[in-house]
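Chains as they are written, first to last, in UniProt numbering: chain A, 1 to 456; chain B, 1 to 456.
Rather than coming from a laboratory, the hints here were simulated on the basis of the structure.
One or more hints might be untrue.
For identical chains, the list gives no copy identity; a pair is met inside one copy or between any two copies.
Claimed, not checked - Derived EDC-like pairs: lysine to aspartate or glutamate, alpha-carbon spacing no greater than 16 angstroms straight-line: (1) 284 <-> 236; (2) 171 <-> 274; (3) 78 <-> 274; (4) 111 <-> 17; (5) 380 <-> 31.
Listed below, chain by chain, are the residues.
Number of protein chains: 2
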Amino acid sequence: MQQIKNYIEQNKQRMLDELLNLLRFPSISADPKYKDDVIKTADFVAQKLRDAGADNVEVCPTAGYPIVYGEKIINPAKPTVLVYGHYDVQPPDPLELWHTPPFEPSIRDNKIFARGACDDKGQFYMHVKAFELMMQTHTLPCNIKFMIEGEEEVGSDNLGHFVQANKERLKADVVLISDTAMISMEHPSLETGLRGLSYLEVEVTGPNRDLHSGVYGGAVANPATILAKMIASLHDENNRITIPGFYDDVLNLTQDERDAINSAPYDEAEYKADLGVDELWGEKGYSTFERTGTRPTLEVNGIWGGYIGEGAKTVLPSKANAKISMRLVPNQSSDKITKLFADHFTSIAPPYVKVKVNALHGGEPVVTPTDSIAYQAAQKAIAESFGKEPIPTRGGGSIPIVALFEAELGIKTVLMGFGLDSDNLHSPNEKYDIYNYYKGIETIPLFYKYFDELSK
Amino acid sequence: MQQIKNYIEQNKQRMLDELLNLLRFPSISADPKYKDDVIKTADFVAQKLRDAGADNVEVCPTAGYPIVYGEKIINPAKPTVLVYGHYDVQPPDPLELWHTPPFEPSIRDNKIFARGACDDKGQFYMHVKAFELMMQTHTLPCNIKFMIEGEEEVGSDNLGHFVQANKERLKADVVLISDTAMISMEHPSLETGLRGLSYLEVEVTGPNRDLHSGVYGGAVANPATILAKMIASLHDENNRITIPGFYDDVLNLTQDERDAINSAPYDEAEYKADLGVDELWGEKGYSTFERTGTRPTLEVNGIWGGYIGEGAKTVLPSKANAKISMRLVPNQSSDKITKLFADHFTSIAPPYVKVKVNALHGGEPVVTPTDSIAYQAAQKAIAESFGKEPIPTRGGGSIPIVALFEAELGIKTVLMGFGLDSDNLHSPNEKYDIYNYYKGIETIPLFYKYFDELSK
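Based on the provided sequences and hints, a complete structural model is requested.
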């Protein structure tokens, strides 16, 4: 442990500067105009893996953005850890809400502000530096494989093919991912489940052209009004989703499971104050942690139609659109829910509009086992570096790869995240505490140590 | 009449070229970045009035865009006609739907395609050319005053002050406006009423920042969803507006008035085919012409919130906005309806969001008399040039100036429009038939002739 602390102490500044350089790449996978930057980011990651001591480093082409692979096989008899992360980031808009430019990392109050600081550059890069640390101090006790992709924020469309085509190369005993959050540094936690995702875009068309709202208003359906009515109908008065069959496959938690989730520290006044809302909203009969961790949800991620510029334009728009996504819980199927949504949304379209529904992407929900050697290794690592047992929690986010790995390679995942819910993931002013970054680099080698010991 | 036809024939091309030049100015009053172009347009109009023979031409400054004034007083004892028009235009977006650039007029199939071709450059410029014709042929029988403004598309905010400050200068016996449509060239019509307008922008705020829809989704209200529910609640199952008191001041038409309106030629199949819709929508119990001409309406002119770029972003937005306008009918008050909307919209906001309502502009509804000398002069002029009596109709659009003139100067208006509902006003590919342009220039001098005769 002291050896780990010493190495970090001696390389502190360089480890931070390298992350800042990584954060300077605008690797926005959702926006084609950043294509070159995304690819440059992959090359940068590959070089850093080589520098840290990885063998067989390769920037593997896919139909989309490349996947960076690297490995260190110290002894085939030893357990193997497959580290997954992603070097792509969410779009930064709305830009005007950033206090400093999203791709010019700025350090304030010991926090790194930049798009991707926490999700996921800051977190996967801890593994690169922890690997370097174990190599330099000759303490790497397991085989290690890295697979860092560039399409996580757009649905990891090409990862499945890659995994299927590389089953031998990716063979491992556990997948280790840092792309989630802890409750707080005072309350370290380990996520034991993730929600799935179905993401669609809908288009409602009324008249075949934008119309003068005075000449035609009142005589032809306004697609923005109709879209509003359709969206409004998707939640009932208890904020339950009204799509027929939507809840059919949801596994209801036992009272013990609910108690465990609700035992996590939670201060509603603080929660509301942080979000700046007077009242919370959600499915009737569930607590906040149950709503975000164990219940499926439907959110409008974006809506647009008609004139949205400055001033007043009296137009009756031809089209209105929305991006709508659903978070899924264990036993729900992304494909099935996507189809249920599409069928329902089309079925509720009134005869005076036309509706198009386009599925953008999806991912399956997962539950990770808490009785595995790997989970115990993570527990012991965190207990040692934080001086406190981690609390098991259910995460609300989605990491499609977890279900994919289980299905394709039969490997379970450990979600050892060091972020915080307050890190503004997907929001302006995303940040990552420098403390958490070093804490992760300190904790990860302990995971390898205990995973090796417990595997004997 | 022959003299009029001859003059037009001899000056056809020049009269058209001048209009095309006027249409090349992007005089978009709603968008500050076109400020210089709007002002240049005013100067162009002033010069054309001078060229046509107007005296005391002045580009009158206002708190906003200038008002162009010009006059020809042939004899104070003669009746005086005040011509109103506007040189500003609607924003052209969505640009991608234009077949040719909005400010590069293109002639196809004897139609001029350009923003403002019909609304209102093409129509007010007919008056400038008809004035030139009467000057050149020494046939101007009345005094004439021009007042061409540059803020009609943004609510004519500064026109009121100008009118109040220039009552003497604007003294006239009738206001003549060509900013409306006829049923068709085969069915010439005269509008006898216009709807008023209340235009507002609303903002619904949920959390104080955009959130990760996985981490927070299901536990905090989504402002886009809430805005959709609020908008959805503004119309009931009969498509009536649910704002308390909204219909209180509406004067219901007599059966005779309704019959007159419904006597206008109307082919529903054609109407639907032109708009590309399978079904029409509107307030239960009323015909299409009644809905657009005699009933108040509420339209969403624009809606936006969250991520509207390419691809998928799993964000729970902080804000959602909409531009909403209501068309008002005689006896409704714009200020009162604006207040009713603001109070109602605020009152239906649930406790987990904050709502802001901002009134952008408004205008009062009007009915123009059909028993006046001026109206009869317009009837006779159209009957002579079209060989058919015009059908009285109720227009759905709004021209705030009409009510303003009545209130401030006590002058009634004649709405002698030569556009068509199919001219794509406020839409991409706005057009004006060259035939209508010349037909207007031919008809207007006849109005002056009969207005003078009937005034004796």
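Right, here's what the structure says about each hint:
1. 284 <-> 236: Within one copy, since 10 angstroms is at most 16 angstroms while 26 angstroms is not.
2. 171 <-> 274: neither (43 angstroms within a copy, 62 angstroms between copies)
3. 78 <-> 274: neither (46 angstroms within a copy, 73 angstroms between copies)
4. 111 <-> 17: within (13 angstroms within a copy, 64 angstroms between copies)
5. 380 <-> 31: Result: close neither inside a copy nor across copies, 41 angstroms intra and 62 angstroms inter.
Of the numbered hints listed earlier, those contradicted by the structure are 2, 3 and 5.
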